[in-house]
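Asker: As a plain string of letters, each chain reads:
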Amino acid sequence: MKSLWLFPGQGSQKAGMLTNVDPNLKQNVENWTGVKLLDTSEGYSDSQQIQLSILLLQINEVDQLKKMGWQPDLVAGHSLGVFGAAYAAGVISKEDVFKLVSLRAKLMQSSYPEGYGMGVIVGLSRQEVAELVKQVHTEENPVYLSNQNSELQNTLSGELNAIKQVLELASKQGAAKAKLLHVPNPSHSPLMANVAEQLDYEIGKLHLSNPACIYLANNNGHPVKKVADVKYDLANNLTHPVFWETMINVALEYNPQVSIEFSPGNAFTKLLKVKTDQVSNITLSEMTIDDADFLLNKWKGK
Amino acid sequence: MTERNWHTHRDAKAARLNGASALLDGKFAKTEDVVKVLEALIKPGDKVVLEGDNQKQASFLSEALAKVDADKVHDLHMIMSSISRPEHLDIFDLGIATKMDFSYAGPQSTRVSQMIADKTMQVGDIHTYLELFGRLFIDLIPNVVLVAADKVDREGNLYTGFNTEETPTIVEAAAFHDGIVIVQANEIVDKVPRVDIPAGWVDVVIPADKPYQLEPLFTRDPQAISELQILMGMMAIRGIYEKHNVQTLNHGVGFNTSAIELLLPTYGEQLGLKGKICRNWELNPTPTLIPAIESGWVDSIHSFGGEVGMEKYIAARPDVFFVGKDGTMRSNRALGQVAGQYACDMFVGSTLQIDQWGNSSTVTHGRLSGFGGAPNMGSNPTGRRHSTAAWQSLKPADDPLAKGQKLVVQMVETFGSNKKPVFVDHLDAEEVRKEAKLANVPIMIYSEDTTHIVTEEGIAYLYKTDSMEERKAAIEAIAGVTPVGLRSNPEEVKKLRDKGIIALPEDLGVRRQDAKRSLLAAQTMDDLVEWSHGLYNPPAKFRSWS
Amino acid sequence: MEKLNFTYQNSEAVKKFVHVGVVASGDLEILLYPADETTIEIVTGSDGFKEVWKNVLDRFFTRYPLKGKFVIHDFGATPGVVNLRLTQAMEALNDEK
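Residue numbers (this note's numbering), protein chains in the order written: chain A, 6 to 307; chain B, 227 to 772; chain C, -13 to 83.
Just chain A, with the same shape it has in the complex (with noise of 0.2 Å):
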């Protein structure tokens, strides 16, 4: 029976969501990082205290399934998600991958100041949102097109004004959608070379290992198998628009019969089944780890 691990990235995050969390691996992650993680709204509105919960919660998701004997053979992440995925794909350990992830959320803090962020548009093609960017970018007013979150899902990234006379524009063209996120950094686009370009060297020093499964990667779409083309995801993927429908498309290719979304949220899963119904589904979010055990047990007996 082949599984493909979806891990989502920011966005579904909530006060509370750590409550079941090993608290093991919690004092671990708290005394690697030099942070506390105080699981509230407030707490919520700092990027590390978002992206270590959010890894956090994955993590001990990734452990306890693993201890009941299962492996994915394909993983999946979205934006932050690439990390949970490589930590599933066997490529890097606990200790690095948080440290790691503490680094990127305290660059990605202080990256940007305010008057930058994200949009996302629904409804028009990726070229015809490519034609809009085109029309309104420039580098004093820079604005990018970023993700492919599905065939008529796109996001923008760049300076804000530049953002929203994008979103006009759509919207004159017809797009069912088009509004501002809330994210406070251009992410996805070139503008955060500053960060990966520090990311990248603090990989550099990392003992990594080959992915043990098909690791999919943002920065292109591509099913990766190559230790060096996962480090290259997991520095640059803020450079890069994050290409999930192609990479799910690829993973569908495949052939798994279950997927499994980790926390929080299920986005993922909601997409996945726009996409197909031959692919049975575990949300983790909205259930416990032994109802997941029992219907993967349920499944892989058919």
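Among the hints, erroneous ones may be present.
[Unchecked claim] Simulated DEER-style distance windows between Cβ atoms:
hint	chain 1	residue 1	chain 2	residue 2	range
1	A	His212	B	Glu381	20 to 26 Å
2	C	Lys40	B	His652	34 to 40 Å
3	A	Met73	B	Asp435	37 to 43 Å
4	A	Gln262	B	Glu661	28 to 34 Å
5	A	Glu207	B	His591	32 to 38 Å
It should be emphasised that the hints constitute simulated quantities derived from the structure, not laboratory data.
Yeah, the Cβ is synthetic: ideal placement off N, Cα and C, and Gly gets one too.
On the provided structure of chain A, position chains B and C as indicated by the hints.
Answerer: Chains B and C only, in chain A's frame:
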């Protein structure tokens, strides 16, 4: 002057088989030795056909091929009808293969697109099935072929049964030009039910660890047929099948044609058409044709391949299907494609995009799906000479030296389910040609071969148009509110209707209110099972109670 | 969720109430009432398609200039399905009882 050695291939083959003799007991190798056998018999740079058929996959051999030592076996030139399984592409990542000539890549279209872009895979060309089979005898003559059989006897005779598909064609190309034929077998038996491929053509037989992969590609659940597809089906039957008196045909499988198959016993019956149309078919055994067969519409069906779940039903209807003396069907893709080309009055299919001129393509950004059989089935065979009522009805009136034409019908809704227009000014394929560096734009069916287009708005009788301008206007008249369709205007529509170049449902006497699911002869998979007297056995994924 | 309104100057008065379609995914329901003016009231779950609706209605009314009050509840139908339901409503009017 030294004599040329005229049997280098024969010598080379003998040397290879000799080198593998330790692994072989006569023709038979052990299951666990499969990787070693492949390493012994395949040389770097070889042309290798791997069975990659449409339905049937030599999955034991393809998985083994992905495990060979790339230092021993590398730079293979693969020739495949259908790129279907992940390991068909893994061998390129591993350096085992570098070049590919193929026809269809639907199940792996995203990865194929990526591998061409990053040059992991070099594509010779994309073909239609029959064209690729032809080249196996001309300039793509294989060194090694890897195929699958159901049963093999102790001498090495092969039984391929329902799913014979293109196996005999592939094996013939190797067997008679000193290629090596390696077969994976589901079972070794004392006696095969019949001989589909004689032992004399076979070199090596390896029992597989599990049966070869077989996909039910042509089963369509009637519950998924929409009212719009029913309306279009009614228009097609009235405005094309009846009008042109179509006796022989092929349906490109999809929900549109499944709807037509289920409308014959009901709507077709109401029109009094039984026995008058749709008598001889070239068609994979689609379950949705069962009601028409049972109602007495169908004289014969020849198939390219089998369809999982239809075996018992087919065996019980030997008057209709091509069933051997042993009681099981034999399919044949090469001959089916020949029949579809020359012996059928009409092809009906669908597509993802049609451009302003009437060219069709299923190639879109980031997905290179190839062509399959459509370019062949959907083209006019200028070599045809025999006349039928349907073919003759398309003969132009004004040219004494002219002849008839095959009906090539494209059925599409004006907008896809993602609410994007199907009718576009320029096909995505134009961009993809540049991205994938192909010699030509990957068009599936050309405008000049397309005789009719059916949309939910009406039918465009393109064969009646006098010029490209008129052809474009006819397309615009039925292209709905797509950017192409918005160029039409009421005066133009009236002119075309008066000339009989377009027909709206009311012109055909088709009532949109009648386009209800209750008009389908079968509305669920259970209905189909009932029509078949319990002989049809739907595959697991189509059963609603699992 | 969007509410759209359109008006037309059409000539063929609708003589009776007609109801076609269902509010199911990918489908829509049309309630057509006799009236002195042609007004179209659309409630749709798919936002941003005002232009497309106008095109579909323009095209339909050019061929079949029905005068009446149209109330449409849409659940993500494609333009093809919208056209189907509108033409079914038109046919229902032409039926003799």
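Asker: Next, verify each hint and record whether it holds.
Answerer: Hints, one by one, checked against the model:
For the pair A:His212 and B:Glu381, the supplied restraint of 20 to 26 Å is violated, since their beta-carbon distance comes to about 57 Å. At roughly 25 Å, the beta-carbon separation of C:Lys40 and B:His652 lies outside the given 34 to 40 Å, and the hint is violated. Between A:Met73 and B:Asp435 the C-beta distance comes to about 28 Å, which lies outside the given range of 37 to 43 Å. At about 32 Å, the CB distance of A:Gln262 to B:Glu661 agrees with the hint of 28 to 34 Å.
For A:Glu207 and B:His591, the Cβ-Cβ distance of about 36 Å falls inside the hinted range of 32 to 38 Å, so the restraint holds.
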